[in-house]
Amino acid sequence: MSLHTDPLDELKIPDETTVEEHDLVTAGDVVVGGRSTIEFGLRGHNVLCGEGVTIGGNVEAEGDLRLDMWSDVSGNVLVGRDAYVGERVHVGGQLRVAGDLDVGDDVDIEEGFEANGWIVIRNPMPTVVFLFMYLKQLVLMGEDEAAEAFADEAFDTEAVEEDPLVVPRGATVNDDAWRVSTPATIGDDCRIHGNVRAESIDIGENNNVFGSLRAKGDIVVGEGTRIHGDVTTRNGKVKIAPGAKVLGDIGCKDLELSKNAEVDGRMRARGEVQMLGLSGRSVE
Numbered sequence: 001m002s003l004h005t006d007p008l009d010e011l012k013i014p015d016e017t018t019v020e021e022h023d024l025v026t027a028g029d030v031v032v033g034g035r036s037t038i039e040f041g042l043r044g045h046n047v048l049c050g051e052g053v054t055i056g057g058n059v060e061a062e063g064d065l066r067l068d069m070w071s072d073v074s075g076n077v078l079v080g081r082d083a084y085v086g087e088r089v090h091v092g093g094q095l096r097v098a099g100d101l102d103v104g105d106d107v108d109i110e111e112g113f114e115a116n117g118w119i120v121i122r123n124p125m126p127t128v129v130f131l132f133m134y135l136k137q138l139v140l141m142g143e144d145e146a147a148e149a150f151a152d153e154a155f156d157t158e159a160v161e162e163d164p165l166v167v168p169r170g171a172t173v174n175d176d177a178w179r180v181s182t183p184a185t186i187g188d189d190c191r192i193h194g195n196v197r198a199e200s201i202d203i204g205e206n207n208n209v210f211g212s213l214r215a216k217g218d219i220v221v222g223e224g225t226r227i228h229g230d231v232t233t234r235n236g237k238v239k240i241a242p243g244a245k246v247l248g249d250i251g252c253k254d255l256e257l258s259k260n261a262e263v264d265g266r267m268r269a270r271g272e273v274q275m276l277g278l279s280g281r282s283v284e
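The UniProt record's numbering puts the sequence shown at residues 1 to 284.
Derived from the structure by calculation, the hints contain no laboratory data. Errors might be hidden in some of the hints.
[Unchecked claim] In silico DSSO-like pairs for lysine-lysine, Cα to Cα no more than 30 Å straight-line:
#, residue 1, residue 2
1, Lys237, Lys253
2, Lys216, Lys245
3, Lys216, Lys239
Construct all of the structure, not just a fragment, from the sequences and the given hints.
In structure tokens:
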């Protein structure tokens, strides 16, 4: 993740992310922007949530957890290393931490908490929002080396090869829809439940999306990916790669349909249509 860009300006779903029994599961880190609502549980390496995040299940972090103020977790929270919990956070279940626990004022943990390391009750630092703001200021000042050193020291976590799962600010994620006001990128070999609503959508290879895709801009569906719903864009281009399958309709401005791609429904394009090696399908 580049320090020269806002890390929360896009929904980014890394390779092999899945929804399993109402939990959103990824091998890498999870970063959730402030005021977002995730009606799944979360399972990842390090889990970092901004201010006012709502999580509708359990949270399991193999590494560290940073849960900013006013956030709400309906289930249990299990942390493999250290946990930083901001003031006025609510946890509907139990909080269990293998390392140290830094907890703020007026935190409500309904079924109690335990930690194997130190327990400090105060307003913990640094919060996710503070970290990103401070990092951005260092970059704007041209202090790239200082920014890198600060990030390494602040997060103090071992290197993780997998890309992080990033949910932008103000997003809503549930079985019905992944709704964001930013671009959305989905990696390879993912299994996602819910309709994806975003500024633009770019999906990699061999995914299963149990829902529809809708965007204002372009939509790209990679090789071998199955979309169990419609693919529609207001002003953009839809590109369906070889071996991909759309089980619903396609509606767009421009359409590019590759050889061996399949569309079960009707296709409507107002502008240019490119059909590579296809026949016997109606286009309106």
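Hints and how they fare:
1. Lys237 - Lys253: 6 Å, holds
2. Lys216 - Lys245: Given that 30 Å is the threshold and the Cα spacing comes to 21 Å, the pair holds.
3. Lys216 - Lys239: 14 Å, holds
Every hint from the earlier list agrees with this structure, and none is contradicted.
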